[in-house]
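Participant: Listed below, chain by chain, are the residues.
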Amino acid sequence: MSKSPIVEFKDFTFKYKSQLEPTLKNINLTIYEGEKVLILGPSGCGKSTLANCINGLIPFSYPGEIHGSCKIAGNETSHSSIFSLSSVVGTVLQDSDAQFVGLSVGGDIAYALENDNMPREEMLPRVLNSATLVGMQEFLEHVPYNLSGGQKQRVSLAGIMHEHVKILLFDEPLAALDPQMGNQAIDLIDKIQKNNNCTVIIIEHRLEDVLYRPVDRIILLEDGQIIADMKPNELLCSNIIVEKGIREPLYLQALKMAGCNVTIDDNPSNIFDIKLDKYKEKLVSYYSNVDTSKPYKEKKVVLNVKNVDFSYDKNKALDNVSFSINKGDKIAVIGKNGAGKSTMAKLICGILRPDKGEVHLEGVNYLNYSIKELGQKIGYVMQNPNQMLVKDIIKDEVSLGLVLNNKSEEEIEKNIEEALKKCDLWPMRNWPVSVVSYGQKKRVTIASILAMNPEIIILDEPTAGQDYRVYTEIMSFLEKLNKDFGITILFITHDMHLAIEYTDRAIVFADGKCIGDDSVFKILSDNDIIERASLKQTSLYSLATRLGINPESFIESFIVSERRKRHEKS
Amino acid sequence: MKNLNIINLTKGETFLHQLSGTTKVRLFAVLMVYVMMSFDLPIILPLFVFSIISIISLKPHWKTIQPLIFFVVFLNVLNIVLYWLANPLCGLEYTGDQTILFAYTDYLIVTRGTLWFLSIRLLKMLTAFSTSLAFIMSITPSELAAGLTNIGFPYKLGSIVEIAFRYIPDISRDYENIAVSMQCRGLELDAKKTKPIERLKQMVIILIPLIVTSFDRVGNISNAMDLRGFGKGKKRSYYSEYPERRNDKIFKLIYCLIALFCAYYIISGFITPRVPKMWIYWRCL
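Going down the list, the protein sequences come from chains G and V.
Residues in the first sequence are numbered consecutively from 1, following the working numbering.
Residues in the second sequence are numbered consecutively from 1, following the working numbering.
Since the hints were made in silico from the structure, they are not lab data.
Honestly, I wouldn't trust all of these hints.
Said to hold, decoys possible - Subject to a maximum C-alpha distance of 35 angstroms in a straight line, what follows is the list of computed DSBU-like cross-link-like pairs (lysine-lysine):
{"id": "1", "chain 1": "V", "residue 1": "K252", "chain 2": "V", "residue 2": "K235"}
{"id": "2", "chain 1": "G", "residue 1": "K330", "chain 2": "G", "residue 2": "K356"}
{"id": "3", "chain 1": "G", "residue 1": "K280", "chain 2": "G", "residue 2": "K300"}
{"id": "4", "chain 1": "G", "residue 1": "K256", "chain 2": "G", "residue 2": "K306"}
{"id": "5", "chain 1": "G", "residue 1": "K422", "chain 2": "G", "residue 2": "K294"}
{"id": "6", "chain 1": "G", "residue 1": "K391", "chain 2": "V", "residue 2": "K252"}
{"id": "7", "chain 1": "G", "residue 1": "K316", "chain 2": "G", "residue 2": "K280"}
{"id": "8", "chain 1": "V", "residue 1": "K59", "chain 2": "G", "residue 2": "K71"}
{"id": "9", "chain 1": "V", "residue 1": "K156", "chain 2": "G", "residue 2": "K407"}
{"id": "10", "chain 1": "V", "residue 1": "K192", "chain 2": "G", "residue 2": "K316"}
{"id": "11", "chain 1": "G", "residue 1": "K10", "chain 2": "V", "residue 2": "K193"}
{"id": "12", "chain 1": "V", "residue 1": "K252", "chain 2": "G", "residue 2": "K316"}
{"id": "13", "chain 1": "G", "residue 1": "K3", "chain 2": "V", "residue 2": "K252"}
In this text, all values refer to a predicted model and were calculated from it rather than measured experimentally.
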């Protein structure tokens, strides 16, 4: 079957007006009708720019210099308009909240039709039709504020499917979703592609999650250039993804660690299809010989939460929650949105106080402390550093908390020097905040909390939306803080990789209740908890089940040997 | 997530809610002219009664609108008092009545005419308020956008209104989050513990990150709108705008009649300037 090309880049180079260097360099890429392509690459590699060239935002909204040609469905983009392109290319943006411009689900799905000045009677059946395709037909009257991230994304998808668009373009579809919803989204994309027979382009850096459903081709970008254009199996067997800072699927990491050399014929792109027979012996013997005994450490309880209840008006947000945190712990607080994680964090910080139950901080009932006093014992780092940064200069930002708490000048100087040095920001202390990278901004916010010398730091989704490189940068820095300075850290997250790699214990929330509090490997091998908390089985679990070995001990062995290896490296 | 309770984002169930956006906007525009054109009690009073009935018929959430009502009534009474202080004889011109009811000093006197004039003025302002309140409570922002477009405003204006309502709750959520993190860092937002000026300064600290993150969002929103063809044509249709139904037709007749009456009243007033009529009813009492 000969397929006709639908996206054609030829010697395409693009430079943003405000930049000196081109962001895309000499791109030659052809995508054929009906193909499903993953565009992979670390942040800043130009993959979003490439997407914007396809949907017409470049050059329509972002002017710049274009050399070479980019044809979509046979038309040169620089000669057509964004409106004519939007009837061929449907784009689902990363930020599903910002993309939801209508005031109700129906209104948002109808948005493109409204702009076409379509009479309302024609609109209604089409809206219903699109909504049914994504399974949102029951929600047409709902307002956006009560929808989950996954539902909003479905609405966005329904909103672009009217015109029989030929290309569906997804810009980081997994960024804002919890693991289970992420799987559902990938599944839905797959179904729609099969039903409508359209071309699908997914832009992501989460390789393993996208491969939950098969893709035809993977295109790897680096520094604005295409460095690989291969079938998934080929790419996974080459070493290129690890070199380029893309996270390898966990099961492949597990196989490689045990010394197995996976080949293309083994079909490594999916955990359920990969041929394991010849590796079974090697795997089992490697992981059963990992020494998982830990040196005994005496633990001192810092924070003790006892039978805490909390309600907003009449909605119970926390229901009889109890747990305790020891000094030097690294704990993952997991659960889906609305499960009570953020309420718990606010409660620990003292912004909210429990309706019932008690919280003890180093043995003292924390009702004795004001929010201000608690702020110096428990630090809270928000997900988006831009929501925390107030001052122009790094040093001022870090000293802000101390100034607000009326500390003496010497104390401020001493504390910020210490905090900046711990965060490796001392040489940059006089830099403006606006010029540093995302990872560095994150470090600035952490330094500004560290300056207050807290006992515990709570980090809300510290790596959300970041690629593997920044993720590793942030997480290894936090690990160092924990190891070298004994700082207790709570991660609020739904990233299972983070929990596996960097934490010892997981506290799981669902519907305001604490439904699990145990070692990470035990939590991750408990089906009941995983389901209730909207988590997903890691591929390690699936691997263990396929090998017929106990998942719990397998995951434990993997975690221990993975950490040992990481520490040897560093 | 909090919903703005005075403004409904989705269509309500009652009679007035069910009218189309265009009907509501046109009726409101005509009624505003109607209430502003005179000081005549027989013109203002019926509308006042109708607007109160309308508000009740909309089955509002009384707890949410109560503070607003108190606030507006208070402001209007204050306005009347100040009006009187500025010119205690302000009613003379309209009523011709100078009977003194109370006299505190030579300047501060209350005449029957002034009292009557100021009461009508208060009633007029309250009528304008209650009509507006009924309008605001009955219409959704999308209907407003559709209605504005249908009476001839460019549709981009309506869209601005709609988008503003869409993102106000998101921004207020951002504000809350930023406030939380700042409080943890020692920012004192407790009204009892800080002076007003200090608090104002601290609010500014919260506003900086709020503005930065909101700008990020604006870029995303405008991209999303471009990608779905916003601004493509000269005209735009509305999903939320119901086709004209029987009740809309009845109301069309009503607002057309009122509009004709207003036109007659205003034009005839220009041709033969009329003596303000309120005194007639004063004499009758």
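Participant: None of the hints should be skipped; say for each whether it holds.
Facilitator: For each hint, the structure was consulted:
Taking the CA atoms of V:K252 and V:K235, the gap is about 23 angstroms. The hint holds against a cut of 35 angstroms. For a cut-off of 35 angstroms, the pair hint linking G:K330 to G:K356 stands: about 27 angstroms separates their Cα positions. Proximity of G:K280 to G:K300 is assessed by CA-CA distance (about 42 angstroms); at most 35 angstroms being required, the pair is judged violated. Only pairs whose Cα atoms come within 35 angstroms are accepted, and G:K256 paired with G:K306 is rejected, the gap being roughly 44 angstroms.
Of the supplied pair hints, the one linking G:K422 and G:K294 holds, its CA atoms being roughly 27 angstroms apart against a limit of 35 angstroms. Among the hinted pairs, G:K391 with V:K252 is inconsistent with the structure: their alpha-carbon atoms are about 57 angstroms apart, more than 35 angstroms. With a CA separation close to 48 angstroms, the supplied pair G:K316 and G:K280 exceeds the 35 angstroms bound. Taking the CA atoms of V:K59 and G:K71, the gap is about 57 angstroms. The hint is violated against a cut of 35 angstroms.
Distance restraint check for V:K156 and G:K407: the Cα-Cα separation of roughly 52 angstroms exceeds the 35 angstroms cut-off, and the hinted pair is therefore not satisfied. For the hint linking V:K192 to G:K316, the alpha-carbon distance of about 29 angstroms falls within 35 angstroms, and the restraint holds. With a C-alpha separation of about 65 angstroms, the suggested pair G:K10 and V:K193 falls outside the 35 angstroms cut-off, and the hint is violated. Pair hint V:K252 plus G:K316 does not hold up; C-alpha atoms about 48 angstroms apart against a cutoff of 35 angstroms.
With a C-alpha separation of about 58 angstroms, the suggested pair G:K3 and V:K252 falls outside the 35 angstroms cut-off, and the hint is violated.
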